[in-house]
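Protein sequences appear in the order of chains A and B.
In case it helps, the numbering used here puts the first sequence at residues 5 to 277.
In case it helps, the numbering used here puts the second sequence at residues 2 to 431.
Hints listed in this document are in silico derivations from the structure and should not be mistaken for laboratory results.
For every residue, glycine included, the Cβ atom is placed at its ideal position computed from N, Cα and C.
It cannot be assumed that every hint is accurate.
To spell it out: a stretch of chain B is covered by chain A in this simulated footprint if at least three of its residues, at any positions, have a beta carbon under 8 Å from a beta carbon of chain A; those stretches are [what the hints assert, rightly or not]:
{"#": "1", "segment": "82-93"}
{"#": "2", "segment": "369-377"}
{"#": "3", "segment": "408-419"}
In silico BS3-like cross-links for lysine-lysine, where the CA-CA straight-line distance does not exceed 27 Å [to be verified]:
{"#": "4", "chain 1": "B", "residue 1": "K124", "chain 2": "A", "residue 2": "K181"}
{"#": "5", "chain 1": "A", "residue 1": "K184", "chain 2": "B", "residue 2": "K415"}
{"#": "6", "chain 1": "A", "residue 1": "K186", "chain 2": "B", "residue 2": "K411"}
{"#": "7", "chain 1": "B", "residue 1": "K274", "chain 2": "A", "residue 2": "K186"}
{"#": "8", "chain 1": "A", "residue 1": "K181", "chain 2": "B", "residue 2": "K415"}
{"#": "9", "chain 1": "B", "residue 1": "K124", "chain 2": "B", "residue 2": "K415"}
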Amino acid sequence: MSAVQKKSAAQLQREEEEARKKLKRLAKQGGVEGRLPMKRLFRQRAHANVLSDHELDYPRNPSEMDWSPLYPDIKNHPERKVEIVDIGCGYGGLTVALGPHFPDTYVLGMEIRMQVTDYLTEKIQALRYRAENEEPVPGGYQNISVLRMNCQKFLPNFFEKGQLTKMFFCFPDPHFKARKHKNRIITTTLASEYAYAIRPHGILYTITDVEELHIWMVQHLDAHPLFRRLTKQEEEKDICVTLMTHETEEGKKVARNGGQKFVACYERLPNPE
Amino acid sequence: MSSATFRHPCQTVLWNKFSDSIVCCSGPFLKEFACSTGEKLNEYSYEDKLDQKHREAAAYGQAVRFVAYSKDGSFMVTVNEDKTLCLWNVINSKIQLVKLIKVAKRCSALECSENGDIVYADKFGDVFRIEKNWLLENGIHPEEQAAAEQQAAEAAKSGKQKAIGTAEHSSVEKVNNFHPLLGHVSILTQLLICKDPKNPSRELIITSDKDEHIRVSRFPQSYVIEGFCLGHEDFVSRICLVDNDMLASGGGDNHVFLWDLSTYKCLDAFNIKAAFSNYLNMETSMALNVLLYVPPLHMLMVASEGNSGVVFIRIVDGRRLEYHSVLATPYPVISATLRESSNGLGIILALDNTKSSEQKNLSCLQYIDLRNFAAPFTLSEPPFLQAAVNELPEVEQVLCPLSQVRPLRKAHSKFFAPGETRATVGADTP
């Protein structure tokens with residue numbers, strides 16, 4: 005009995021989703037000829053349960069991943085791979101900012117909320133159109149893309165051992181309740197998976213406005229034998245630290261509200277023998 | 002409900018190589034029988050101190066889910082449904098409960114490492130390692146536990162709301178403060194510890210989960226992930242080592258995979274669904290609950306939850322999977338264990354005799370003798386299994402869940418058979 009009810013609820017949700025998409029298409033606010041999409045049409049609650057089974061599309065392993073829908077120019081650069089990943093990219097402020105700084109690398113934003121990825125997909129389309137027809141940008145935003153994904157579960161399905169050079173965790177969900185601490189995106193156990201994906205001497209970046217979460221992330225990454233925290237001087241020299249402090253949507257919001265930002269960056273050390 | 006009684010099936014069977022005996026976990030009962038004589042070596046069950054109202058719940062909680070022996074056979078570890086991890090001393094093949102501890106989450110796998118540590122995985126995806134000495138110091142003595150329970154029961158009777166003994170609470174907290182060896186953000190289904198074929202001085206820990214992953218990490222330096230074996234399209238429920246340098250795996254999709262443990266590349270995949278439907282006429286979806294490797298024959302035996310039959314797959318040229326034979330069983334297979342001693346080579350099957358509509362007067366323990374490789378395999382009931390079955394408890398209803406694997410399937414999986422949904426394959430709780 006409950007199964008029947010559940011199914012109909014899921015159906016209702018799907019119908020609602022369809023209706024919303026139709027409305028959005030009609031509104032034609034974004035994605036077409038360089039017009040930026042309107043954020044208010046893509047609002048979604050700030051949290052998603054990472055432990056539940058979302059209907060996600062992911063390859064069985066990295067070699068089966070077809071990147072061409074995400075990076076249309078990949079046929080010109082068959083050897084190029086995604087090397088920079090923005091985990092929980094949200095509305096994509098950082099992903100977009102990274103594009104012109106690393107024009108020879110593919111940058112990928114990953115986000116679990118569907119509405120938000122829809123928004124960013126359209127925004128990237130608009131930016132690409134603008135870069136081509138109005139003002140040229142290094143890389144032309146052809147090198148950035150976004151994917152709806154649960155990174156805590158499916159990272160190894162996309163990236164081979166040591167494929168990434170940079171990994172960003174910007175303003176992640178703080179999960180204040182002790183019961184939910186396991187859902188936090190930085191834990192010592194998950195750090196092992198990140199260490200697998202990042203090549204030696206690659207960098208893992210974290211930033212948050214929640215001090216408690218900052219302490220947690222530092223504690224867990226400090227405890228991990230494969231990560232070494234960068235010094236303040238090293239952080240200051242890194243352009244990415246400036247970008248993630250000032251270009252992320254959350255970073256701007258925190259600055260507007262006069263909040264504090266806590267940064268911690270880690271170098272991936274080589275495996276011990 | 003009919004009041005017909007039946008022998009309670011064994012949710013777990015394990016062959017004990019140290020005394021050539023078989024450990025049968027039948028609901029809350031743990032019994033051990035010598036394979037040569039059928040003599041009962043050990044018997045243990047929860048003390049029936051509770052009143053009738055709580056009996057079923059107690060039986061459910063005390064159901065033994067996993068059994069593991071230390072590498073030298075000097076001790077045994079078990080885990081119950083109610084998250085109790087028990088340490089037993091084994092002296093002259095007699096077992097004695099030494100210490101028990103409550104772990105924080107329900108267990109999904111249990112192993113003993115080479116140096117005698119206990120390694121277990123829980124349903125939250127974390128893997129923990131407990132040293133035996135730590136357990137001896139921090140565990141609770143069974144008598145203390147009994148006293149605490151009695152106290153709690155008395156307190157409950159006299160209306161005081163102090164339910165659980167303090168000793169139990171503190172042990173959960175102690176385990177909670179443990180750092181996991183490694184963790185998946187998913188339900189962990191099995192773990193294995195083995196030698197690294199690339200570097201024999203090193204050990205590996207292999208873990209499989211509900212989200213199609215098989216992860217290979219160093220042991221105990223498990224923060225270094227060596228690789229992933231990725232290729233499954235639904236949950237991975239069973240993994241097993243093949244000749245120390247290969248790994249076989251199976252789960253909720255249609256294939257059994259063979260992996261190279263040096264490169265983590267897939268060597269071969271065998272369509273197990275086709276074997277079940279072609280040779281046994283079973284059109285259900287696959288949910289592997291038994292995957293055994295028989296080293297002398299270079300052969301895998303596979304069973305799928307709810308299906309009354311097993312499939313044998315040969316490994317040829319050291320890297321290809323080839324169909325060998327099938328064997329129909331009277332009831333669905335729940336658990337199986339390989340007996341590989343100087344006195345015999347065979348597989349002991351635990352069958353689920355509870356759901357059959359017709360009375361088949363066959364017992365829930367069967368033996369497949371593998372000594373005569375040339376002839377087709379058949380089921381038999383050697384005297385030691387007959388003795389074991391006669392000792393199993395007679396009950397009117399099942400005391401613990403027998404279905405462990407099918408509920409792992411996701412609601413939107415493409416591997417559901419026609420007419421099957423997540424609701425229809427849910428766990429059969431008593």
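Holds or violated: A/K186 with B/K411, Cα cutoff 27 Å?
holds (21 Å)
Given hint B/K415 paired with A/K181 - CA-CA distance at most 27 Å:
Violated - the C-alpha atoms of B/K415 and A/K181 are around 35 Å apart, more than 27 Å.
Below or equal to 27 Å on CA atoms is what counts here, so check B/K274 against A/K186.
violated (36 Å)
Hint check: B/K124 vs B/K415, CA-CA at most 27 Å. Holds or violated?
Holds. B/K124 to B/K415 sits at ~24 Å (cutoff 27 Å).
Within the segment 408-419 of chain B, is the number of residues with a Cβ closer than 8 Å to a Cβ of chain A three or more?
holds (count 3)
Take the segment 369-377 of chain B, compare each residue's beta carbon with every beta carbon of chain A, and decide whether three or more fall closer than 8 Å.
violated (count 0)
Are there three or more residues in the segment 82-93 of chain B whose C-beta lies closer than 8 Å to some C-beta of chain A?
violated (count 0)
With a cut-off of 27 Å on the C-alpha distance, tell me whether B/K124 and A/K181 pass.
holds (20 Å)
Does the alpha-carbon distance linking A/K184 and B/K415 stay inside the 27 Å limit?
Violated, at about 30 Å.
Hint compliance for this structure: hints 1, 2, 5, 7, 8 are not met, and every other hint is.
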